[in-house]
Amino acid sequence: MADGRKYSVYNAYNTKTPFYYALFDPGQPTKLISSACETSPSLFTRRMGAPDSYLPPALSAETITSLILSLDLPAPSSIEPLQVKAAFHSIYLIHFASAQGITARGNKDGTVTLVLRVSGRQLPGIKTRNEVGVMTWVGKHTSIPVPAIIRYDATENNVIGYEFTLLEKASGISVDQIYATLSDEVKKQMVHQLTDYLIELHAQPWHEGYVGGLTLTPTGEIASGPPIDENFWQTPDLDKFWSASAGVKSTETLESLNPIPAEGFPSYTAYTNSCLERYIHAIEVHPSLEPYRDLIPRIREFMAQLRRPDNQAELNRVAYIMAHKDMHFANIMCDPDQPGCPITAVLDWEFSGVVPGPRWNPPRAFLWNMKWDPDDKAEQTRMEQLFEQICREKGAEHILEQTQLNARQEMMQTAVNHIRAIVEVCPRGQAQDRVAHWRSVVEAAMEGFQA
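For the sequence shown, the working numbering gives the first residue as 11, with consecutive numbering after it.
Treat the hints as calculated values from the structure; they're not laboratory data. Beta carbons: idealized from backbone N, C-alpha and C, even for Gly. Any given hint might turn out to be false.
[To be verified] Simulated pairs of lysine to aspartate or glutamate, DMTMM-like, Cα-Cα distance not exceeding 20 Å:
#1 Lys-197 x Glu-300
#2 Lys-198 x Glu-398
#3 Lys-404 x Glu-273
#4 Lys-198 x Glu-403
[Stated by the list, open to error] If you anchor each label on the Cβ, the simulated ranges turn out as follows:
#5 Gly-111 x Ser-70: 52 to 58 Å
#6 Arg-318 x Ser-193: 49 to 55 Å
#7 Gln-110 x Asp-194: 43 to 49 Å
#8 Gly-171 x Gln-110: 24 to 30 Å
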């Protein structure tokens, strides 16, 4: 079951990767409500509702050098701004003449290159903290290759006045750039590697139950953090869709519209009910959602049914696992100069987190080559079938089982997905030809939980 979802794709090591934007029908994984593939950052950010004012301004070499020196690192030999912006970052390659004083993999010529990602203000604090927390956890508990974190700051109390991460530069090239040139044997080897990574993630379950992100304590210990998702309302959305200019009389915040408590949630249903509380609030306050206010009593009754002990037992019968949630081939780096083109890094962990097993791949991004043609979606399906075959060959059928919704969970998630889709598109004025159908899907799914 796919979600109505907007998302961006950007590879910090490929300046020509275009921007992607998509909003999927919540009931059909491959049906788009709207989409774009742009190389213009200004057009892309307008589509995302993230104006340039929320992205960092261009930073001078002098300013970046001051930052690097303030981090007790040597002065860089050169700084290379990447001309194409990501949806959430400005990105710079920081070159050093030698590895002295830097704990990072060096280049073949003895130099070192780091990646400085300067964060925008769309999701202040939590996105940077989550990325660092998750990457630290992955590095400690798995063999999945992730770039080393050299320095970071999840506040704006620094030389540049923005959050940032300074990462080791991953070697190689993103798989999506060369996917069409790969042989079936190389693709199979890659799927084998990725399957091994997923086996490792599934081998580290949260036995007590947990849905949320990760963060680091001041002493560097890994701790619980708020869940984070790219479909959350962001700071630019507050101004554009949730302000007085949009007819909203209340003062809305990221916390009032998104389920982001600092400690996360103890169960699948606890997270689900928190999402529903936010959707109810949105319906109550946004004028475009007024036609759906008669649903509020039924949604509240639905929430009460989700809290019943018998339903809790069935709905929370899941494995809680760390999930990347966006493991398409633009986020997978490989080395085409090595035999078999091995994977060298998995990137972009900022929206990752601990989820119920069936929610590990909500947008169906896994094994996607980032192209939209029907042949490319068919290719993804072929790779998914190969993944399932490899899981069975490795004796890892439990992974496939843990990612399946049972009938009760499917019914719950169907209702939640479609309520969220309504709440997401109506304030934007999108998909008005579909919302009536989505409402009927919501009502039918909630009826399945009536006492």
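Within 43 to 49 Å or not, the Cβ separation of Gln-110 and Asp-194?
-> At 44 Å between Cβs, range holds.
Is the straight-line distance between the alpha-carbon of Lys-404 and that of Glu-273 20 Å or less?
-> Roughly 35 Å between the alpha carbons, so the hint for Lys-404 and Glu-273 is violated.
Agreement of Lys-198 and Glu-403 with the hint, judged by alpha carbon distance not exceeding 20 Å = OK: Lys-198 and Glu-403 at ~13 Å, within 20 Å.
Range hint compliance [Cβ, Arg-318 to Ser-193, 49 to 55 Å] | This hint holds: roughly 53 Å between Cβ atoms.
Can you let me know if the beta-carbon spacing of Gly-171 and Gln-110 is within 24 to 30 Å?
-> Taking Cβ atoms as reference, Gly-171 and Gln-110 lie about 29 Å apart, which means the hint holds.
Could you say whether the range 52 to 58 Å given as a hint is met by the Cβ separation of Gly-111 and Ser-70?
-> violated, 23 Å
Straight-line Cα separation of Lys-198 and Glu-398 no greater than 20 Å?
-> holds, 12 Å
Would you mind confirming whether the straight-line C-alpha gap from Lys-197 to Glu-300 stays at or under 20 Å?
-> violated, 50 Å
Hints 1, 3, 5 from the list above are not met by this structure, while the remaining hints are.
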